[in-house]
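Trainee: Here the protein sequences come in this chain order: S and X. Residues 1 to 181 in this note's numbering are what the first sequence lists, from first letter to last. Residues 1 to 181 in this note's numbering are what the second sequence lists, from first letter to last.
Hint data in this document are derived by calculation from the structure and do not stem from the laboratory. It is possible that some hints are incorrect.
The list cannot tell twin chains apart, which means a pair is met if one copy fits it or any two copies do.
As the list claims (entries may be wrong) - SDA-like mimics (lysine to any residue), calculated; alpha carbons at most 25 Å apart, straight line:
{"no.": "1", "residue 1": "K129", "residue 2": "L54"}
{"no.": "2", "residue 1": "K32", "residue 2": "I127"}
{"no.": "3", "residue 1": "K129", "residue 2": "A16"}
{"no.": "4", "residue 1": "K129", "residue 2": "E28"}
{"no.": "5", "residue 1": "K141", "residue 2": "N119"}
{"no.": "6", "residue 1": "K121", "residue 2": "K173"}
{"no.": "7", "residue 1": "K141", "residue 2": "L54"}
{"no.": "8", "residue 1": "K129", "residue 2": "C24"}
{"no.": "9", "residue 1": "K32", "residue 2": "S94"}
{"no.": "10", "residue 1": "K129", "residue 2": "T56"}
{"no.": "11", "residue 1": "K141", "residue 2": "C24"}
{"no.": "12", "residue 1": "K129", "residue 2": "S94"}
{"no.": "13", "residue 1": "K129", "residue 2": "D27"}
{"no.": "14", "residue 1": "K179", "residue 2": "E6"}
Number of protein chains: 2
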Amino acid sequence: MLTKSEYVAAQNRAAAMIRESGICITDEEAQKVEVADFGLGRFEVEGAQILTLLATERIAVKIVALFPNQTLPEHWHPRVGEDPGKEETIRVVSGTVRAYVPGDENMSDGFVPAGQEGNYKMRYELILKPGEQITLEPGMKHWFQAAEEGAVMYSFSSVARDVLDGFTNPDIKRVTEIKEA
Amino acid sequence: MLTKSEYVAAQNRAAAMIRESGICITDEEAQKVEVADFGLGRFEVEGAQILTLLATERIAVKIVALFPNQTLPEHWHPRVGEDPGKEETIRVVSGTVRAYVPGDENMSDGFVPAGQEGNYKMRYELILKPGEQITLEPGMKHWFQAAEEGAVMYSFSSVARDVLDGFTNPDIKRVTEIKEA
Numbered sequence: 001m002l003t004k005s006e007y008v009a010a011q012n013r014a015a016a017m018i019r020e021s022g023i024c025i026t027d028e029e030a031q032k033v034e035v036a037d038f039g040l041g042r043f044e045v046e047g048a049q050i051l052t053l054l055a056t057e058r059i060a061v062k063i064v065a066l067f068p069n070q071t072l073p074e075h076w077h078p079r080v081g082e083d084p085g086k087e088e089t090i091r092v093v094s095g096t097v098r099a100y101v102p103g104d105e106n107m108s109d110g111f112v113p114a115g116q117e118g119n120y121k122m123r124y125e126l127i128l129k130p131g132e133q134i135t136l137e138p139g140m141k142h143w144f145q146a147a148e149e150g151a152v153m154y155s156f157s158s159v160a161r162d163v164l165d166g167f168t169n170p171d172i173k174r175v176t177e178i179k180e181a
Numbered sequence: 001m002l003t004k005s006e007y008v009a010a011q012n013r014a015a016a017m018i019r020e021s022g023i024c025i026t027d028e029e030a031q032k033v034e035v036a037d038f039g040l041g042r043f044e045v046e047g048a049q050i051l052t053l054l055a056t057e058r059i060a061v062k063i064v065a066l067f068p069n070q071t072l073p074e075h076w077h078p079r080v081g082e083d084p085g086k087e088e089t090i091r092v093v094s095g096t097v098r099a100y101v102p103g104d105e106n107m108s109d110g111f112v113p114a115g116q117e118g119n120y121k122m123r124y125e126l127i128l129k130p131g132e133q134i135t136l137e138p139g140m141k142h143w144f145q146a147a148e149e150g151a152v153m154y155s156f157s158s159v160a161r162d163v164l165d166g167f168t169n170p171d172i173k174r175v176t177e178i179k180e181a
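Throw the hints in and build the complete structure from the sequences for me.
Mentor: Following this line, the structure appears as C-alpha cells:
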C-alpha cells in the first residue's frame, strides 16, 4: 500500500526518467504511469513503474522505469486458454538492467532483496545495456533489477493479462492499493 | 533498383535520423536498416527506411524513418490463413507524420506524389506529432508521408509478413533490388 502522495511522487520521478531516456511521452501518458508495489509495501526495494503505451487483444507495449537498485519481482506469464502465455521482449533504453532467467547461477553484479532468497530462484544473470534486448518465452520465470543508475526499458509483448501472471512470492498482489492520506 | 552506394548512403542517413530522434540502436542494427524503394526506383519520393528491432511469430517492432516529404505507398495487411491480418500501431518519435486512412477527404498539409493519383485512394489526413499514435486495424488501407523535416516512428504490430502486403500500385515489388555499381 502506498499513500497518494508517495504514489504521485513516484509517478513524477518515473516520468522524468522516461523523458530523460529520450522517449517522448505526452503529459496525459505521464499521469498514467503505474507505480506497482506488488502488495509488498516496499516499492523502492521491490516494485516497478510501468507506463502502458498500447494494449490490444494482440499486442502490448509498455515502458518500465526502475529506480536505482529497484527489483521487479520474479514472475512468469502463464498459459491462458488458447494463448500459450505472453511472449515478452525487454529492450533497454537507458541505464543498466540485470535480468535473471533460467540457467546456471552466475549472479555477480546484482543481489536478491534482503530476506527474500526463497522468492528469487532464477540466478542466471544477464547484464543489458541500452540497445540490448532479450526475449522471454511464455512461462519462463524472470526478474529484473536496475543497477545503481536506475533503468528505463521497453516491454514489447503479445497480449498482456498482468493480473494472471504467476509470482514466486505468494504474498504478492499485482494491483497496488492506494491509501488516502 | 538502387546502386549499392545509394543504398548505403540512405542507410547511414536513416540511422543518423533514428539516433537523433533519441532512439538508441546498436552499430549492428544501424547496418541492418532496410531501404525500401518498392521497386519503383524513386525511393526519395516513394520509399521508406525500415529497421526491424524484433520479429517473432507473434509480434514485430520496427522503426520507420522517412526523409523530408518522403511517401510510404498506400498498402494494407491482408488476412493470412487464421491470422486476420497484421494489426499495426504507428507511434511518432520525431518530426511530423501525415497518415492517410479511410474517411472523408480532408487532405490539406500533404500531397499525392506527382502522377500517382490512382495509387493513393485514402485521402483522410491525420497529422501525428511525437508521442502521438494511431492503430491500423487489419485490412485497413493506409499510407504515410513525412512533413518537411522528415520523421521517425515506431511500428508495433502483430506478426509481420511484409511480402504478403497488398499495395494499391500494381507496379510495386516489396523487395528492393540492389544493383552493383
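Trainee: Check K129 against D27 for me: Cα-Cα at most 25 Å, and say if that holds within a copy, between copies, both or neither.
Mentor: The answer is between: 13 Å across copies meets 25 Å, while 27 Å in one copy does not.
Trainee: As a check of your reading, is K141 near L54 (CA-CA no more than 25 Å) within one copy, between copies, both or neither?
Mentor: Both: 24 Å inside a copy, 21 Å across copies.
Trainee: Treating 25 Å as the Cα threshold, decide for K141 and C24: within, between, both or neither.
Mentor: neither (31 Å within a copy, 27 Å between copies)
Trainee: If the cutoff is 25 Å on CA atoms, where do K32 and S94 land: within, between, both or neither? Let me know, please.
Mentor: both (20 Å within a copy, 22 Å between copies)
Trainee: What label fits K141 with N119 when the C-alpha limit is 25 Å: within, between, both, or neither?
Mentor: within (11 Å within a copy, 49 Å between copies)
Trainee: For K129 and A16, with the copy left unspecified, which applies at a CA distance of at most 25 Å: within, between, both, or neither?
Mentor: both (19 Å within a copy, 20 Å between copies)
Trainee: Cα distance capped at 25 Å. Does K121 pair with K173 within a copy, between copies, both, or neither?
Mentor: Classified as within; 19 Å inside a copy, 50 Å across copies.
Trainee: Within, between, both or neither: how does the pair K129, S94 come out at a Cα-Cα threshold of 25 Å?
Mentor: both (7 Å within a copy, 23 Å between copies)
Trainee: Please sort K32 with I127 into within, between, both or neither, judging by C-alpha distance up to 25 Å.
Mentor: Between copies, since 24 Å is at most 25 Å while 29 Å is not.
Trainee: Classify it for me, K129 with T56: is the Cα-Cα distance of at most 25 Å met within a copy, between copies, both or neither?
Mentor: between (28 Å within a copy, 22 Å between copies)
Trainee: Within, between, both or neither: how does the pair K129, E28 come out at a Cα-Cα threshold of 25 Å?
Mentor: between (28 Å within a copy, 14 Å between copies)
Trainee: As a check of your reading, is K129 near C24 (CA-CA no more than 25 Å) within one copy, between copies, both or neither?
Mentor: both (20 Å within a copy, 10 Å between copies)
Violated hint for the displayed structure: number 11, the only one.
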